[in-house]
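The task is simple: from the sequences and hints, build the whole structure.
Protein chains in written order, with our numbering: chain A, 5 to 410; chain B, 1172 to 1278; chain C, 941 to 1106.
None of these hints come from the bench; they were simulated from the model. Check each hint, because a few of them may be wrong.
Claimed, not checked - Keeping only pairs whose Cα atoms sit at most 27 angstroms apart, straight-line, the calculated DSSO-like set for lysine-lysine is:
1) A:Lys155 <-> C:Lys1103
2) C:Lys1103 <-> A:Lys388
3) A:Lys42 <-> A:Lys21
4) A:Lys42 <-> A:Lys70
5) A:Lys74 <-> A:Lys155
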Amino acid sequence: MTDWLTRNAVFVITLAKIGLVLFVLLTAVAYLVWVERKLIAHIQSRWGPYRVGPHGLLQPLADGLKFLFKEDIFFPHATSRFVYLLAPFLAVTLGLMAIAVIPFGSGKFELLGTQTGLYIADINVGLLYILAVTSLTVYSVALAGWASNSKYPLLGGLRSAAQMVSYEIALTLSVVGVLLLAGTLSLRELVEAQQGHWGGLLPRWFIFPQFVAFLCFFISGVAETQRLPFDLPEAETELVAGFHTEYSSLKFAMFFMAEYAHMITASLLVTLLFLGGWLSPFPAGEFWAFTRYLPAAVAAGLAVVFLQDSFHHQPLSHRVLVILVGLALAGVAWGLFTGPALLELVQGPFWLLAKAAIFLFIFIWTRATLPRFRYDQLMAFGWKFLVPLAVLNIMVTSFVVAWGAD
Amino acid sequence: MVPLSYYLVLSAILFGLGVMGFLLRRSIITIFMSIELMLNAVNLAFVVFSHYWTAWKGLDSALSGQVFVFFVIVVAAAEAAVGLAIIIVVFRTRASLNVERVNLMKW
Amino acid sequence: MTLETVLFYVLGGLAVLGALNLILQRHPIHSALSLILVMASLAVLYLLLGAEFIAAVQIIIYAGAIMVLFVFVIMLLNAGEEERTNLSRMARYVGLPVAAVLLSGLAYLLYRAWPVDLLVQPHPSLGQTRPLAEMLFKDFVLPFELTSILILIAVLGAVVLAKKEL
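Written as structure tokens, this is what we have:
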């Protein structure tokens, strides 16, 4: 058995990594919904979900069960049954596929006698792979709209096709500035190109020389994920629910999951391209050595918060749950403080996820704050503002790069 | 390792199917898609030859095959933009996508 | 049978099935979907051949932009199933054999010209983008600039054609 494992180590390890990343991603998707509901509620002076479990922490579980047991209405007038079923399947598959090339850190570890890193696949054209996968997601929305054989989904599908093709141009063009500076398409090398600090303090992240590109990229990223203020394909005040009006139960849940998976991928990608990915914002010197213990400190702090909070919960089951989570976090903190190897491995993922969380927060924040674009405004903004701005950025950057090369 | 000729035969089959679609179908859009299929078949041949020539003539002459694929894709994109615009205009004036309805210039 | 051979047969089979489906389906959306299947399987074949950049471009531009335009136009025009005409019956009895002869002739000639035992040899730096970019911007600069003019003309043409009053 062990002999077979070591012979096929690469295969086994890759499968294990895929399973782990999928599990974490799906859990993150479920809890992102909880975070969004909670955050928007607090922004609007409400409480949000708080009945299911302490602070509504079990709400995602309840939501998932609800989706499973809802009546699965097979829309009887579908133009084509095959396409009608293909659309949600495509949405969720493409949403989860993009995560495969995201590197979570530079750390390497040995398993079954093989060196592996913190990624599923490290390919030469990782960035292009993500762009390719996201460029296909438009089909799920367009086909859902078409196959539903109903006017609101069709309008939503048409809008989404036009919107995503338009904003993809701005998205791709804004990346070119970064590519000119880094000279590579591999996501790992893109992050490694951002190592070091200016003046020993300001990290060499691409957000500083490429701030225009960053703005363009993030705005078109929001448009590509079809979140507010760009959610015209599903604008509920005009189109009922847009492209997924005729979908129910698990098929609707698939669209739902795909949207949040896209949010996570977009945030991770912005972090990798512009915020130095897994690199710590602190310089490497002796003076800043204590920052390596930040992940452990965060885990310890969270553990204290949870344990202290447990006194406020009334039903015994809630209190036990909170205490268990707190104890688990305390265990993680203990492990990190005492195991230097584990602490080293956790550095990359910790910073990457911490930075990506900022963008996830902005995603939710804009949804709570901004009104929806009108359709002509959306098109004008994309074509007359973002695309020229991105092209201008490419011109300036290439002049600077050529100047420096001489 | 898959022999070169297998890829070429696949490319030929795809090209032939594209020709068939072009000849058999009556809808302008499907005819247009058959043309795209033929272009794809040619691209496959280009990529296979580029891969094949690396062993014989070095990297430089091999990569020109991939550059050609790049150009074919660009031309296909331009063609699709103009072609689909023409299709929209034809549909507006004829209210049909059947190529046989577009016979005003026929005598 | 190595993994590569298996992949070749699976993907090649998918591509041929997609192409067949493209010409057999009566509804344009189904044809478009089968064409996307062909393009996706060809992209994976390109990966197998070491052309990573071309594979990505194939998906981004062909499947992600051109075919989206097709699907968009089909949805916009609400194109229904194709109608049968007399001529299409003639095409079936005359065109089909001719096309089949052309296809098998082409396949046979290619098969004879490059014998089976000639194996495709990989090259380590074939898939890298840098040599491709250097070639594109050094040896092929003029064609590259020409294609940009071509795209400009295509954009203008599309805008003029699609305007309401022609």
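Tested hints:
The suggested pairing of Lys155 of chain A with Lys1103 of chain C holds, with an alpha-carbon distance near 24 angstroms, which does not exceed 27 angstroms. Taken as a hint, the Lys1103 of chain C and Lys388 of chain A pair is honoured in the structure, with Cα atoms around 19 angstroms apart against an allowance of 27 angstroms. Only pairs whose Cα atoms come within 27 angstroms are accepted, and Lys42 of chain A paired with Lys21 of chain A is rejected, the gap being roughly 31 angstroms. At roughly 19 angstroms between alpha-carbon atoms, Lys42 of chain A and Lys70 of chain A fall within 27 angstroms of each other, so this suggested pair holds.
With a C-alpha separation of about 24 angstroms, the suggested pair Lys74 of chain A and Lys155 of chain A falls inside the 27 angstroms cut-off, and the hint holds.
The structure fails hint 3 only (numbered hints given earlier).
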